[in-house]
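K.L.:
Using our numbering, the letters of the sequence shown correspond one by one to residues 254 to 535.
Worth double-checking, as some hints may not be accurate.
Said to hold, decoys possible - Have a look at the derived ranges for each label pair, beta carbon to beta carbon: (1) N460 - G357: 16 to 22 Å; (2) E444 - G261: 15 to 21 Å; (3) D457 - N381: 18 to 24 Å; (4) G379 - N412: 35 to 41 Å; (5) S463 - N412: 39 to 45 Å; (6) N412 - C268: 33 to 39 Å; (7) Y420 - G357: 37 to 43 Å.
Unchecked claim - The calculated EDC-like cross-link candidates involving lysine to aspartate or glutamate, where the alpha carbons are at most 20 Å apart (straight line), are: (8) K486 - D466; (9) K395 - D344; (10) K380 - E354; (11) K455 - E444; (12) K443 - E415.
Calculated directly from the structure, the hints in this document are not laboratory data.
Yeah, the Cβ is synthetic: ideal placement off N, Cα and C, and Gly gets one too.
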Amino acid sequence: MPIVSARGFDISYSCNDAERTSSSGTLVLIHGAGGQEIDWPLAWRSSNDITRELGLTPKGHSNMLDKFQIYAVDLPGHGKSGGTGMDSVFDYSNVIEAVIEALGLENVCVVGHSMGACIALALINGKNPRITSACMIGGASKMDVSDTILEGLNKEFENTVEYIVKYSWYNETGAFFKQKAIQRMKAAGKETVFNDFLACSKFDMSNELSEIDLPVLVIASDHDRMVKLEVSKSMSAEMPNSIFLPIENCGHFQHIEQTELVANEIANFLENHSKKNGSRRV
254 MPIVSARGFD ISYSCNDAER TSSSGTLVLI HGAGGQEIDW PLAWRSSNDI TRELGLTPKG
314 HSNMLDKFQI YAVDLPGHGK SGGTGMDSVF DYSNVIEAVI EALGLENVCV VGHSMGACIA
374 LALINGKNPR ITSACMIGGA SKMDVSDTIL EGLNKEFENT VEYIVKYSWY NETGAFFKQK
434 AIQRMKAAGK ETVFNDFLAC SKFDMSNELS EIDLPVLVIA SDHDRMVKLE VSKSMSAEMP
494 NSIFLPIENC GHFQHIEQTE LVANEIANFL ENHSKKNGSR RV
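Whole structure, please, built from the sequences with the hints as guidance.
P.N.:
Next comes the structure, spelled out in structure tokens:
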């Protein structure tokens with residue numbers, strides 16, 4: 254995987270094969286706590302998704318995101334990136350902004366899941382003209398992280414990771430996805446995962462939502478026990494140019510549990526809202 258230097262970190266990233274154009278826009282995918290870029294669906298990260306040829310992608314799947322250039326990034330201390338995990342969402346957002354600058358990306362929609370959604374919110378509230386819209390998947394302006402979770406990650410890391418992952422998914426989701434998520438979070442290591450959840454616990458942009466006037470798509474689901482649908486809906490209502498998308502029969506990993514639906518809704522958002530309203534006001 255290619256590497257880009259950003260804020261003193263060697264950041265690993267992937268890019269699909271779509272041609273970059275000034276009109277189509279670019280997506281930058283930001284994973285959640287203890288995650289990595291491969292947490293995003295392969296059908297999003299590569300227009301040559303082998304799972305389609307193998308029949309592992311659901312029949313009838315049509316990925317409208319194929320037309321956009323998509324970058325998926327490993328945060329510092331995650332996946333194949335260098336450094337260690339950070340305990341500040343804003344520190345992470347500074348690194349992602351530096352990646353966008355270093356790669357020369359324009360008309361960027363930052364797409365984040367969970368902690369990544371917090372990072373996306375921090376980025377969309379900045380003044381970088383390269384960033385013109387955001388999509389928050391399973392995120393909030395203030396994350397509810399209990400002291401019990403933080404203590405558990407510090408003292409009973411593996412058991413707490415298993416609890417977090419099992420609690421995050423909708424009960425009907427296959428065991429394969431849950432087990433993979435557990436393996437990847439454990440592989441991230443105790444320090445990185447603890448710092449990620451600590452970063453989420455300290456994050457609060459509730460008082461700044463009304464100032465965010467760029468397009469933001471907020472995706473939430475009815476069976477998400479990590480970030481309640483009502484919390485995301487309330488946040489969306491505070492932003493003047495936000496669209497709220499509720500999903501039924503889905504847990505916290507909306508982009509995995511409802512891959513095609515979420516992909517197509519992001520594509521529709523970019524085509525119908527981001528282009529029209531994506532010029533940054535200064």
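K.L.:
If a hint holds in the structure, say so; if it doesn't, say that too.
P.N.:
Results of checking the hints against the structure:
1. Between N460 and G357 the Cβ separation comes to about 33 Å, which falls outside the hinted range of 16 to 22 Å.
2. Distance hint check: the CB atoms of E444 and G261 are about 18 Å apart, consistent with the given range 15 to 21 Å.
3. At about 21 Å, the CB distance of D457 to N381 agrees with the hint of 18 to 24 Å.
4. For the pair G379 and N412, the supplied restraint of 35 to 41 Å holds, since their beta-carbon distance comes to about 38 Å.
5. S463 and N412 have their C-beta atoms about 41 Å apart, which keeps the hinted 39 to 45 Å range intact.
6. At about 37 Å, the beta-carbon gap between N412 and C268 stays in the expected band of 33 to 39 Å.
7. Distance hint for Y420 and G357: a CB-CB separation of about 40 Å, consistent with the stated range 37 to 43 Å.
8. For the suggested pair K486 and D466, the alpha carbons sit about 17 Å apart, so the restraint of at most 20 Å is met.
9. Proximity of K395 to D344 is assessed by CA-CA distance (about 16 Å); at most 20 Å being required, the pair is judged to hold.
10. Proposed proximity of K380 and E354 is supported: the alpha carbons are some 13 Å apart, at most 20 Å.
11. About 16 Å separates the Cα atoms of K455 and E444, which keeps this hinted pair within 20 Å; it holds.
12. Of the pairs offered as hints, the one joining K443 and E415 holds, with about 13 Å between alpha carbons and a cut-off of 20 Å not exceeded.
Taken one by one, the earlier hints fail for this structure only at number 1.
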